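S.K.: First to last, the sequence lines map onto chains V and E.
The C-terminal residue of the first sequence carries number 238 in the working numbering, and the numbering is unbroken.
The C-terminal residue of the second sequence carries number 238 in the working numbering, and the numbering is unbroken.
Rather than coming from a laboratory, the hints here were simulated on the basis of the structure.
Hints are not guaranteed to be accurate.
One copy or two, either will do: identical chains are not told apart, so a pair holds if it fits within one copy or between any two.
To be verified - Straight-line distance between alpha carbons at most 20 Å, and here's what the computed SDA-like set of lysine to any residue pairs gives:
{"no.": "1", "residue 1": "K63", "residue 2": "E149"}
{"no.": "2", "residue 1": "K63", "residue 2": "A142"}
{"no.": "3", "residue 1": "K122", "residue 2": "E135"}
{"no.": "4", "residue 1": "K115", "residue 2": "L79"}
{"no.": "5", "residue 1": "K115", "residue 2": "V61"}
{"no.": "6", "residue 1": "K115", "residue 2": "V80"}
{"no.": "7", "residue 1": "K14", "residue 2": "P99"}
{"no.": "8", "residue 1": "K201", "residue 2": "E32"}
{"no.": "9", "residue 1": "K14", "residue 2": "L79"}
{"no.": "10", "residue 1": "K137", "residue 2": "V61"}
Being a predicted model, the structure only gives us computed values, none of them experimental.
There are 2 protein chains.
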Amino acid sequence: MAGHGNGNGEEVKLLGIWFSPYVRRVVWALELKGIDYEWVELSFRDPKNRSRSLLEHNPVLKRVPVLVHRGRPVVESLVIVEYIDETWRNNPVLPLDPYERAVARFWANFVDQKITEVLIKLLSLTDKTQMEEEAKQASKALEIVDRELKAKGKKFFGGETIGLVDIALSIVTNWMEAIEEVLDVRIFDSRTHPLIAQWKTNFVEFVRHNLPPKDGLLRFYRRYHQSKIASVAPSRL
Amino acid sequence: MAGHGNGNGEEVKLLGIWFSPYVRRVVWALELKGIDYEWVELSFRDPKNRSRSLLEHNPVLKRVPVLVHRGRPVVESLVIVEYIDETWRNNPVLPLDPYERAVARFWANFVDQKITEVLIKLLSLTDKTQMEEEAKQASKALEIVDRELKAKGKKFFGGETIGLVDIALSIVTNWMEAIEEVLDVRIFDSRTHPLIAQWKTNFVEFVRHNLPPKDGLLRFYRRYHQSKIASVAPSRL
Numbered sequence: 002m003a004g005h006g007n008g009n010g011e012e013v014k015l016l017g018i019w020f021s022p023y024v025r026r027v028v029w030a031l032e033l034k035g036i037d038y039e040w041v042e043l044s045f046r047d048p049k050n051r052s053r054s055l056l057e058h059n060p061v062l063k064r065v066p067v068l069v070h071r072g073r074p075v076v077e078s079l080v081i082v083e084y085i086d087e088t089w090r091n092n093p094v095l096p097l098d099p100y101e102r103a104v105a106r107f108w109a110n111f112v113d114q115k116i117t118e119v120l121i122k123l124l125s126l127t128d129k130t131q132m133e134e135e136a137k138q139a140s141k142a143l144e145i146v147d148r149e150l151k152a153k154g155k156k157f158f159g160g161e162t163i164g165l166v167d168i169a170l171s172i173v174t175n176w177m178e179a180i181e182e183v184l185d186v187r188i189f190d191s192r193t194h195p196l197i198a199q200w201k202t203n204f205v206e207f208v209r210h211n212l213p214p215k216d217g218l219l220r221f222y223r224r225y226h227q228s229k230i231a232s233v234a235p236s237r238l
Numbered sequence: 002m003a004g005h006g007n008g009n010g011e012e013v014k015l016l017g018i019w020f021s022p023y024v025r026r027v028v029w030a031l032e033l034k035g036i037d038y039e040w041v042e043l044s045f046r047d048p049k050n051r052s053r054s055l056l057e058h059n060p061v062l063k064r065v066p067v068l069v070h071r072g073r074p075v076v077e078s079l080v081i082v083e084y085i086d087e088t089w090r091n092n093p094v095l096p097l098d099p100y101e102r103a104v105a106r107f108w109a110n111f112v113d114q115k116i117t118e119v120l121i122k123l124l125s126l127t128d129k130t131q132m133e134e135e136a137k138q139a140s141k142a143l144e145i146v147d148r149e150l151k152a153k154g155k156k157f158f159g160g161e162t163i164g165l166v167d168i169a170l171s172i173v174t175n176w177m178e179a180i181e182e183v184l185d186v187r188i189f190d191s192r193t194h195p196l197i198a199q200w201k202t203n204f205v206e207f208v209r210h211n212l213p214p215k216d217g218l219l220r221f222y223r224r225y226h227q228s229k230i231a232s233v234a235p236s237r238l
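Generate coordinates for the entire structure from the input sequences, incorporating the hints supplied.
M.R.: Here's what the structure looks like:
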């Protein structure tokens, strides 16, 4: 899993986990720039090695992704993406104009707070009514994103290639589809999100189907959700 | 409430509310740069005019701060601060080096998620045990920030002047003090946060005491917390 040469021989290492939507953001940013990097999978099956790596590289939050460049760790997915964009200037991920940059940051944060974080929260919920209410709010947020994409009138938020907002919005591809299936809730609807429907096809094609496979995500999220249900069971009896 | 001339005669307008910690971040960034701006107070006492302004300038989130520059709105406090820093290059708020910028963004987000958001959540809680648990977590997060400031060995995270992290951390001044008093919880402790104790003094002096007055915050937060308690009362009876 490597790019096409970073042209300067500097070591770039990415600590990740295959299913994480946050780690994948960094993968695409690196590949957009054509940067060679080493992928280090922090397997869930080797918790000891995993905690040692995280304690060393991300002692405050102890989570992936971690990008190690020139021996120094950079953490938090959107912070890493901006770091990559400011370090390697070819193929910009953010627009160059300050106002356009602010708009991109706004929408990336909007998607994170109103869609990505809600999806992850959904997996921990056990009350079906609350689950459906949260899903409805995420669906409404996605409608707002759909209108914004329509107003923009481009293939991607980044124009003809993907940018910061597209990288954040990637959650609505395989991840959201898997979570909807596991929880039997519906967020995406091609009638209320027609632009997003087309965007999904374009995005998956643009990243060359470099996504965690949906069947793998289904298995993983199903197990995760069941463990959450099991852990609250005693107090509900 | 204005700066010392932005040198280019462009209209800069800030829509805010006096007590908001998020709005104040923008005030300091503008004043650091010496930018003339018009302050537009969106009073809580005039909800009609307030909603009209917010619908016009921030239709997606409908909240302050909103910075209007050249007739275009920029929203979300940290996004606005970065916009100001990228638009007016004097007196940098973020470091210039990409790695240092990533570190500053990381800590600003850390303070937001682990301290600022927790403080605001505390005001909506009614269960004392939960309140104390959340306060304890925020206090631990502040210990981590204290260690980082010690490791940095400077007056501010920004060095000799305030930067992005200091602007985010401002929440621990009058706002946190008022919330601790209203809820009778304790987060800040000069024994476990000795560097933050000194930082608070330095910060308040640096911004020339340009903070919402503590007695005003006390009154506002007390009323706010009581309205939250009242609104959950029926279901708890």
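S.K.: Going back to the hint list, which numbers does this structure go against?
M.R.: Failing hints: none at all.
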